[in-house]
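Undergrad: Mind docking chains B, C, D and E on chain A? Use the hints.
Residues per chain are reported as follows:
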Amino acid sequence: MRTRLALAIPLVLAACAKGPAGDAARAPGGTMIIATTGDADVLFPPVTSVTNGINVSDLLFCRLAELKLALNTVDDAGFRPVLARSWEHPDSLTIVFHLDRRAHWQDGAPVTAADVAFTFGVYRDPAVNSPLAPFLAAIDSVTARDSFTVAFRFRRWYPEQLYDATYHMRVLPRHLLDTIPAARLATAPFARAPVGDGPYRFVSWAAGSEIALAADPAWFLGRPGLDRLIWRVTPELATAVSGLLAGEADAMEVIPARGQLERVQQATDVRLVPYPSPFYAAIVFNLRRPPFADRDVRRALAMAVDRETVVRSVFGPFAEVAVGATSPMQWIWSDSISQLPFDTAAAARLLDQRGWRRGGAGGLRSSHGAPLRFTLLVPTSSQVRQQAAVIVQDELRRLGVDMRIQPLEFTVMERRTQTGDFDAALISRTIDPSPASLLQWWSPGAGGNIGRYADTAFGSLAAAAMRARTRAEAAPLWRSALGRLNDEAPAVFLFSPRNNAAISTRFRNVTIRPDSWLATVTEWRVIEARHIARDRGAPRP
Amino acid sequence: MTATPLVEVRDLVTHFTHRVGLFGTRREVVQAVNGVSLDVAARETLGLVGESGCGKTTLGRTILRLVARTSGEVRFDGQDVFALDLAALRRMRRRMQIIFQDPDGSLNPRLSIGRAVREGIEVHRLARGAEADGRVEALLAEVGLPAGSAARYPHEFSGGQRQRACIARALAVEPEFIVCDEPVSALDVSVQAQVLNLLLDLQARRGLSYLFISHDLAVVRHVAPRVAVMYLGRIVEHGPSDGIYQRPLHPYTQALLTAVPVPDPKTKRARVVLAGDPPSPVNPPGGCPFHPRCQHPGKNESCRTVRPELRELAPGHQVACHLADR
Amino acid sequence: MLRFAARRLAFAVVSVAAVVFITFLLVHAAPGEPMLGTPERALASPETMARQRTLFGLDRPLPEQFLRYARNLARGELGESFVLHRPVAAVLAEAVPNTLLLGGTALVASLLLGLAIGVVQAARHHSRTDTLLSAATLVLYSVPVFWLGLVLLLVFGERLHWLPVSGMTSAGLEDRLSSLGRAVDVARHLVLPAASLALVQAAAFARFQRSALVESLDAEYIRAARAKGLTERAVLLKHALRGALAPTLTLAGLSVPYFLAGSVLVESIFGWPGLGRVAYDAIFARDYNVITATALVSGVLVAAGNLLADVAVAIADPRVRLDQ
Amino acid sequence: MSPWRLAARRFARNRPALTGAVLVAALVLAALLAPLLTADPLAQPDPVRLQNQPPSAAHLLGTDPYSRDILSRTLHGARVSLVVGIGAALLAVTLGAGVGLTAGLAGRRTDQLLMRGVDVALSLPRIVLLLAVFAVWEEAPAAAVVLLIAVTGWFQTSRIVRASVLSLREADFVAAARALGTTGAGIVRRHLLPHIAAPVIVSASLDVGNIILLEAGLSYLGLGVRPPTPTWGNMIMDGKDVLFSAPWVALAPGLALVLTVVAFNLAGDGLRDALDPRAAA
Amino acid sequence: MSGPAPARPPLLEVHDLTVNFSGSDGVARAVDGVDLTVEEGETVGLVGESGCGKSVTALAILRLVEPPGHIAHGSSVRLGGRDLLALGAKEIRAVRGNHVALVFQEPLSALNPVLRIGNQIAEAIRAHEAVTRGTARWRAVEMLTAVGIPDAKRRASAYAHQLSGGMRQRVLLAMALACRPQLLLADEPTTALDVTIQAEILELLDGLQRKLGMAVLLITHNLGIVAERTRRVYVMYAGQIVEEAATEQLFAAPAHPYTEGLLAAIPRLDERRDRLQAIPGQVPPATAWPEGCRFHPRCPHAWAKCGTEMPPLLEVTPGHRARCWLVKEPERRKK
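Protein chains in written order, with my numbering: chain A, 1 to 541; chain B, 1 to 326; chain C, 1 to 324; chain D, 1 to 281; chain E, 1 to 335.
Worth flagging that the hints you see were computed from the coordinates, not collected in a lab.
Keep in mind that a hint or two might mislead.
Derived EDC-like pairs: lysine to aspartate or glutamate, alpha-carbon spacing no greater than 20 Å straight-line [claimed, not checked]: (1) K68(A) x D100(A); (2) K268(B) x E271(E); (3) K266(B) x D206(E); (4) K268(B) x E248(E).
If we strip away everything but chain A, and leave its shape as in the complex, we get (with noise of 0.2 Å):
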């Protein structure tokens, strides 16, 4: 549904937590159904592109070891073991992990170092073509020293090996797949119905319908809080929300529409659980085309957003004012980032400046008889850019710019964004917890750098950073690198929104990780009390 507003939490893992409080192991388990708009493409990590897909996926197989919920990328401390018992750096170049012996595929197979080491040739193998293989282009090596020892060597030195080491790969079991030519692996039957190492076994998918999961009752780190979960497919937002408001469903990942999280507010047996979203969105503009060349006219554009009224326009108290490339997910978000202010004044000063006078019909701005006019495309899947497309396109006509909108399909918009056909495009980012993901986006060549920003200043900075050997030291350097792009106005950096989960108050022990929702499943428990039809009894035959 083009209401969707996906949210990407990107390739986080879930669930791996540390084992279970004893008492909750005895406690009944329960059902919990999760409402949502998609349905999963496939459950083959490597492949697995769709949101819903990778939240399923993520219960399925466990990751080596699991970011805490503080989302600290860079420290080992940040880090807690999950397949990996333990880790360590013989040297700058190498990771060494033991892994836990008491891991086991759902098969009964103990999960092994051979497993992780065929992991990653299958992440790497260009026949596989997974979109995750460029994250792991700085891991030359991994081998298997013996049978729970696993090695992986590095290209160069940098501080978020470890991050990168366990966050974009999911072990999968060689046993069950050596077998298949590494083409035929995402359409394997496997793919549909695997079999794997994590809190939760797979029962059943209806395309388009439901997935549902069940407990593995002796995953090694203990038995989860809940017993069944169960993805219901419901493509329209509106009736997703009635569904849970009418008990049909318990939770929804976030709730992407302002007037639907008002039904929700207003509902008693449903709350929000609000926590930042993994990502931004900006108004990029394109600076091989003559007026964003100038970066004058680029940060006149930016004064004259009133981004406050686009964000509380848009989503009521539901959203913040981004305050550069970056989410409060980051670490690096902070309000010290230095940002344009917004000042018509000052932004009808600057491009009178620059001989953009208003003179034409309506006002209208020129400069040797050109119009200041562009065209912001805005793809038709997300109602919320197009509504902030709408407040920006009448701030901006105020100054005298005409700025036209046009809807496009997302596919569509994405080819002219890359090949840069476009004058100025409203995009969305989803982000990794990392900051290195800044670079992917604004730094010279790189193929998310849809309108051609180049300046080494930035560049220098985020290199600094990069560099940093850790958080404390690197995060003034992603800040003042973040302050350079906003002050080069590449991109009007509008919002972040605020992510709601809407769950029903029958579940306690709730938490959020922002880029997994479900990564503290594990620990959520249904208030006995409150048990329904679902969480009893068992299944029939």
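TA: Only chains B, C, D and E this time, still in chain A's reference frame:
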């Protein structure tokens, strides 16, 4: 037969193919006219009688080349009608016209009577402007329609008046020959007489020739001195009306004549009642086409196998029956 | 009869082939390309995309692609979904029965309801009941199906809690129910989406049926039936309805495209996992093989509807039966 | 009195039909005058504080989630709906009449070819095609929507026209015209067209409602005419999320839509009754 | 021909039957004060041109007039003394097809095209008699045989379109006679048929009538049929009976100028006429019957009184009545 026939029809055959069944998966050939020859002289009326489905209407339309013939020949004033190119045909059509049975269907409901009559005048550029208006008025008056009819539409007239309008339309191009295809059978008795009288008056005044097609033997007798009787696409008897009506030679004609109820309670006649329905023209019987229904006591094998040709049994009186004698 | 059947079949094959050809051209001529992931996460790098194009053969000239597709199709292979990483046949095998259940239920329900309303109106035609029903069917006929769906959902699902609002089954309860319980559960889920589709079409059928009946009530044979001393009920149901049934059945057969179109909207609103959803998602994801295959299936369904209409008419009206 | 005037009189006596016609006229007028009567449908006076306001003196039908005036948008939406509905219907019947006429008049082979083509076209799943085309169309201006709906919507009309040409060809008054020597073109102009006009007008007027519904459905799916241009379909979509808190947002365009379609159907039914040849006799 | 007054009341006695049709052009009085009687076993003709009201009269007898038409208050139709117009819906249904049956003009349209003909006959039987389906079907076949349909058992399962026109009319007769009615209303039963078939059907009807002893009201525009088949005749014009007489009397000495005109207007098979005597003008529309005598605008003898005063049915000779002032003032007849 009269000298110098205006219309000569020789061995005319008209077959239709049409599709039957769901989605027309099967073809049928309807042998509507199956080898007819006849003549109509100038200023003469030839009556053509027969029951529904006998092919009389198709014959009339084929003569005017409104329907494609299968074989045979039609000559009008010596010219082969089917050999004419389109322009010549259009010129020829000025001279031969047709009047249909159903005055509702033969007038375009969306054209005023005046425009309908005017159509022929315009097509053949016989007059234009006020002169054409005058002609239309005169024609409408000639057929007995009240003044002011020209501006009115068919639905504002009664059946008889509409038939008058049709006659006026046909007369507009000043034809010499008119096929009258059941011109009065859709009309009420009292009106029927008006129209028949009109047709006879016009013939006398304008020197017209008619091929008068009807299923009503009494009407044909009234208008036509010469009559042809048609059965299953063929002429089975042909001759002067007095002869045919008083001494019909073909068993079919005999049956037809006795079947007509006579409006006189005192006449009681012996009736030849036929058995069964006329066979389908898709599949006409071999031999004499009438033999399956024929009540003639002398019916024999040759009736079933040999098709009788028209024989002249009295002067100008021909009959296609093996058994007929004078 | 056999020749007729063969002709019809050949004709249906040609129709479907045309559908496939046109759709194939359209979707391949479209800008954009198969999408990995959801719109909001542009995860795939340009290199990944390029590799994908090669893998799917999308870098080949269009005629070559079409020939390959046609060859595969001739062998009964529908190809693979680019986005879902599975055979298209499997995708359809799951979706089509659900759509058939929804559309079939809606068709039958709308036909029955439409007939009933039409009969009531014709029986009392020019009465106040007739006028009221006429107004009601006119309005219903003019309501957009998605609007009706939303209203039904909000009123009967969310406000009154009478019926479930989404999906085909009660999540989490399927394996707790007996098979009868499961059937009842599906039926309950079916009510709202089927009603949304059926009500609008029932109005169409009713309007049509009413006028067909009123017209056939004018027929001489109706007067003849009354003159025999038959009851009004027999006159209406046995004589008038039989004669007026054929056109309505034709309309029912020809209404397949309506149900297909409606299913795109209604399946979205009620989360019914059917063909309409598949088509809609595939179009936005540029999942070429799935789009073409949904068009193919739709074409087959429409052709089947047309055929059914013919058969229904042949049964209802002896005049169009093949002559013996 | 000419049959057209008779039909007009019958129409004028038909109360529901007249109501429909008056409504249609009022709609057309309102749509034409929309720019004069109402504010800019795109203006957002205060997108933070004036969102989803209930009807008030300033905004007679309230405001939408962008603080835009719903009355203004509904009236401007009428422009799109009417242009699309009427435009596509006219174009479709013109196409259909052209093809039907050609098939009816041409020889058997052309006729067969065209009609088999139409049969095939009729089994095209229109919605799938429209979805596909609209999805690929980068920007779908109203003209494109009109064109596409028309191009996929003329098949039935062509059948009706062809059937009526075939039966007219057999009519005695056409035979009479041929017997008078009227040329083919003259027969078409004088005798066929006026008769085909009636069913074509009826089919066009009844089509308008269906096309408006179709366009609304496409808009609702985010296809068709794109935002921010107001169409009833995308207005309903805008209001869907606030259906409970601000029902007027979706209600106004929804009611306008139903009313318009009802009006066209009433008028169309009336036209059919008025032009019915059986009644015209 | 008028015999002595019958001991019993006539089988059918229609009195002052008036049927109005209200339409947009005002009220049309399609049937206006018609009186007629039919004795048991008798064949009576009702003759007139289209639009004169003869078919409506037949329908009104069985109360089959449909809106917008309605039978006016004050009309009465008595069958064996029982007023049909006062019966309840159920009772009148028991009369239809049972005591009084109707045969229509167009056999194709009077037969339901989608029902087998055997069924249509059987249902007429089952509407009035408590017989099983099987019995009814068997009797239907019997009826079909009685009306001269060969191979009736097989034909019973045919549909109307599979039969020829003559066969269809036989089926209609079978349907009408299935319950052995006392009175048959035959509305132009042969008009749609060819003369040879018409003769067959009329012969058949004669035979059946004699066999069943029923009365027939034969409605037709064909004076030939009237002359050959009826004993008494009513002539209708513009919604009224204008003349009533024994058939021989009517043809020998018509009293009403309209009857006279009709007789003079038809071409005759048995004699050659030079010129037909046409009745001038048209039948007026039912919404605008002329004042006074309705025939006066077309009447060659009309004088002032005819335009203002409507004549009643005046007795010419016993049993012969005409609605014409000439009966009283014969001297006004123009030669």
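Undergrad: What hint numbers does the structure not satisfy?
TA: Nothing - there is no hint that the structure violates, so all of them hold.
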